[in-house]
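Chemist: Here are the chains, one letter per residue:
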Amino acid sequence: MKRRAVALLALASAAGLACQDIISAPGVCPELCPQGEIRVRDTVLTGVEPVGSYSGYLLPHEAYQVQVVGPGGPAESRSLLVFIPFAATYPGSDTTVKDSILQTDSLRVKLNIVRRNAGVSGLTLALHEIPITVDSATTFGDMTPYFQDSTLVATLPVPDSLVKDTVTATFPAAALRHFGPDSLQVGIGVRISSPDPAFVTLASDSIAIAARITRFVQLDSSTGTTRATRSDSSGLRFKTFVVDPSGVPPPMGLMVGGTTGARSFVKLNLPGSIVDSTLVVRATLLVPPAQPIFGAPGDTSLLRVVALGSDFGPKSPVADTAYGGSARVPVGGSDTVAIEITNILLLWRGNPAVPRTVMLQVEPEAASINIVELPAAGSGTQAVVRVTYALPFRLPGR
Amino acid sequence: MRRAAMLVVMALVAPGWAAAQNSVYGLIGIGFPGEPLAVRARSLGGGIGALDPTSALNPATVAGLGRLVAGGAAGTTLRRYTAGDSTVSGLRETRFPYGMFGGRIPSTPLSFAVSFSTYAERTYDVTTTGTQVLRGDTLEVTDRVASDGAVTDFRGALAFRPWPRLLVGGAFHLLGGSSRLTVGRTFSSSDYSPYVERSQLVFSGTGVSAGVVLLPTGAIELAASARVDGDLETKSGTLGAGSVRLPVTLSGGVRLTPVPGLSLSSTAVRRSWSRAQPDLLAPSRAFDTWEIGSGIELSRPRARGATLPIRVGYRYRQLPFSNVATQATESVFTGGTGAVLAGGRASLDASVERFHRSGGGADERGWYFSLGVILIP
Numbered sequence: 003m004k005r006r007a008v009a010l011l012a013l014a015s016a017a018g019l020a021c022q023d024i025i026s027a028p029g030v031c032p033e034l035c036p037q038g039e040i041r042v043r044d045t046v047l048t049g050v051e052p053v054g055s056y057s058g059y060l061l062p063h064e065a066y067q068v069q070v071v072g073p074g075g076p077a078e079s080r081s082l083l084v085f086i087p088f089a090a091t092y093p094g095s096d097t098t099v100k101d102s103i104l105q106t107d108s109l110r111v112k113l114n115i116v117r118r119n120a121g122v123s124g125l126t127l128a129l130h131e132i133p134i135t136v137d138s139a140t141t142f143g144d145m146t147p148y149f150q151d152s153t154l155v156a157t158l159p160v161p162d163s164l165v166k167d168t169v170t171a172t173f174p175a176a177a178l179r180h181f182g183p184d185s186l187q188v189g190i191g192v193r194i195s196s197p198d199p200a201f202v203t204l205a206s207d208s209i210a211i212a213a214r215i216t217r218f219v220q221l222d223s224s225t226g227t228t229r230a231t232r233s234d235s236s237g238l239r240f241k242t243f244v245v246d247p248s249g250v251p252p253p254m255g256l257m258v259g260g261t262t263g264a265r266s267f268v269k270l271n272l273p274g275s276i277v278d279s280t281l282v283v284r285a286t287l288l289v290p291p292a293q294p295i296f297g298a299p300g301d302t303s304l305l306r307v308v309a310l311g312s313d314f315g316p317k318s319p320v321a322d323t324a325y326g327g328s329a330r331v332p333v334g335g336s337d338t339v340a341i342e343i344t345n346i347l348l349l350w351r352g353n354p355a356v357p358r359t360v361m362l363q364v365e366p367e368a369a370s371i372n373i374v375e376l377p378a379a380g381s382g383t384q385a386v387v388r389v390t391y392a393l394p395f396r397l398p399g400r
Numbered sequence: 047m048r049r050a051a052m053l054v055v056m057a058l059v060a061p062g063w064a065a066a067q068n069s070v071y072g073l074i075g076i077g078f079p080g081e082p083l084a085v086r087a088r089s090l091g092g093g094i095g096a097l098d099p100t101s102a103l104n105p106a107t108v109a110g111l112g113r114l115v116a117g118g119a120a121g122t123t124l125r126r127y128t129a130g131d132s133t134v135s136g137l138r139e140t141r142f143p144y145g146m147f148g149g150r151i152p153s154t155p156l157s158f159a160v161s162f163s164t165y166a167e168r169t170y171d172v173t174t175t176g177t178q179v180l181r182g183d184t185l186e187v188t189d190r191v192a193s194d195g196a197v198t199d200f201r202g203a204l205a206f207r208p209w210p211r212l213l214v215g216g217a218f219h220l221l222g223g224s225s226r227l228t229v230g231r232t233f234s235s236s237d238y239s240p241y242v243e244r245s246q247l248v249f250s251g252t253g254v255s256a257g258v259v260l261l262p263t264g265a266i267e268l269a270a271s272a273r274v275d276g277d278l279e280t281k282s283g284t285l286g287a288g289s290v291r292l293p294v295t296l297s298g299g300v301r302l303t304p305v306p307g308l309s310l311s312s313t314a315v316r317r318s319w320s321r322a323q324p325d326l327l328a329p330s331r332a333f334d335t336w337e338i339g340s341g342i343e344l345s346r347p348r349a350r351g352a353t354l355p356i357r358v359g360y361r362y363r364q365l366p367f368s369n370v371a372t373q374a375t376e377s378v379f380t381g382g383t384g385a386v387l388a389g390g391r392a393s394l395d396a397s398v399e400r401f402h403r404s405g406g407g408a409d410e411r412g413w414y415f416s417l418g419v420i421l422i423p
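First to last, the protein sequences are chains A and B.
Under the working numbering, think of the first position of the first sequence as 3, with each following residue one higher.
Under the working numbering, think of the first position of the second sequence as 47, with each following residue one higher.
What the hints contain is simulated information worked out from the structure, not anything from laboratory work.
We put the beta carbon where it would ideally sit given N, CA and C, even for glycine.
Do not rely on the hints blindly, as some may be mistaken.
The calculated lysine to any residue pairs, modelled on SDA-like cross-linking and capped at a C-alpha distance of 25 Å, are [as the list claims (entries may be wrong)]:
id, chain 1, residue 1, chain 2, residue 2
1, A, K166, A, V386
2, A, K166, A, A329
3, B, K281, A, P394
4, B, K281, A, G274
5, B, K281, A, D278
Derived coverage of chain A by chain B (criterion: at least 3 residues anywhere in the stretch with Cβ under 8 Å from a Cβ of chain B; other residues may be distant) [what the hints assert, rightly or not]:
id, segment
6, 39-46
7, 274-287
8, 391-397
The whole structure should be built from the sequences, with the hints applied where relevant.
Modeler: This is the structure:
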């Protein structure tokens, strides 16, 4: 009897342990579809309320890119580069030469181009000597006298095949009128000379810094019997770019981007019945530009939408930037810009503490002349949000 | 021995209880309908269902409980099905579909029983593919709908014997249970985020039943019962998610004992499931159903000194829900045996069923093994 009881116990336990179900199976519709209905809907929501446009978060001299735009486009811009002063003596650790500089032979400027417009041939950069006193308040008009033939230091052809690379120009030290014992600092202005509208963007990247200058000097050897040639280089102390304001159209809406790094705030008054009570699978902010996107010919801009973490007006902090979307928009385009903001709505779902306001910015900020304008409040055409959402699974029953 | 019997019960109940055998047809309607049958009744094709005091079909049978009785059952389904071009095999589920406790109420002529059984099994995990047009683009979508749970029928029954040859009883049914529902969709375009919706569905409903058992002679037993259920309400969280009308159930049964040790039983059940039709989503359809089961029990065979009854049966039933115009049916051949343990204080019943369900766009075959224990404390 005891043995039988143990066998029964083992049998019952085995039945209990067999609870690992295998039930996953493909369905066959319509014969054997699960009862219920997955409902995914798509709708366009108005309620996009322009709040305002604010500038000055970042200025061109703080941006990590500078844009040079040639003539023939809507507005010309020029880059202003001031290098770190050279030392009065040769700073190298080479003990075979004396450190007293006998003569500066030449200088070489290296520019790191990270972006340019394709399809433009014959692009030339003209390097002019500019005052080393330029600062963030310097304007395009201030610098106009310094971009004359008399200040031209060198011209630098940009190969048509160049997309992203460094270019160098070497010129005699005598080409710089203000470079000498009293001032061993160099200021270079860069403008574009091109038969067609063109632009280049200079910036530091993982390979090179935006601009660098190298000085080639003559020194005495340590024995004093021969002359030796050595070089040293320095980087940028200040960089910025100035734009011709006469080419910038007057604003018609909320400005985003430009040299002032404008940001626009937009409130999305979306119904809670969709944002909070459904599962949003795709949300797209559709922005009709108030006027064709302004900027460097052939350039594009990255228009980014970021959710605000709190709404304090212009100084509102953004939420995690992962909650945002972006779209690349072409200069000159007037088509509606579509920016995916799905993860912003997912952030907002069931989270009333987060303000339902987004910020639009052009990235990188203050690094180009490109401006996107949103429709202002009260204008006929407004931005909308197209939302694709899933309603709760519909179960059978009335 | 008593300890062993208790251990058997614990082993059966420990993983928790859930629903009855599963089916591909459980995707449709409110789920795959369960049967309020103990293991012995199952092994007889359900033929004894209307007369079995340990089953929960006819409340009048509760009056036949002479002593306190507790019982439960576990079952494992192994199945495969073909639907369209798809053949799916290797599906397996283990459930605890039935439990009861009852007996005489001291100092009264009444007997009572409380039980739970599966009303509808709702466990499945199905992936389907299709297309959806969104924003002018036709996207391929892959949907997953998974449900884990069941609608459970909790019954409280009272019965008595007004005369020695008549048993009368009534019961109140509380429908409950829940299922974890997981619904998700992925899109062929990465512009659309895949989503998963998880919800806990809670079921509720009520019903009443009443029945009689007539014993005209010692060799003939007759039974009849009726059950009326209200609506099955479904809630997702605090929100109502719909209600479905439930059927009226009429059942009748007979058992003949021509000679001691041999009994033949048969039970027929009619359910008006078509009442649910207005509440279903297209293309689902609800049909009234017939269920007829018969069995033969030889209760005298002995092996190694112990009685080992032999039970065989056959059950035919129509299934209530289909997504096409044709109604699915189920044919089941059953068999089983049992053993009395602990000097008559416990019994163990085993049943094996070979089922074949067809129609409604599918063909499903499989085995269902169940093991039940009855304790008489």
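Chemist: Would you mind marking each hint as holding or not holding in the structure?
Modeler: Tested hints:
1. A/K166 - A/V386: Roughly 37 Å separates the two Cα atoms, so the pair is violated.
2. A/K166 - A/A329: Within the cut-off at roughly 22 Å; holds.
3. B/K281 - A/P394: Holds: B/K281 and A/P394 sit about 12 Å apart, inside 25 Å.
4. B/K281 - A/G274: holds, 22 Å
5. B/K281 - A/D278: holds, 19 Å
6. 39-46: holds (count 4)
7. 274-287: With 4 residues close enough to chain B, the hint holds.
8. 391-397: Check passed, 5 qualifying residues.
The structure is inconsistent with hint 1 alone, although it conforms to all the rest.
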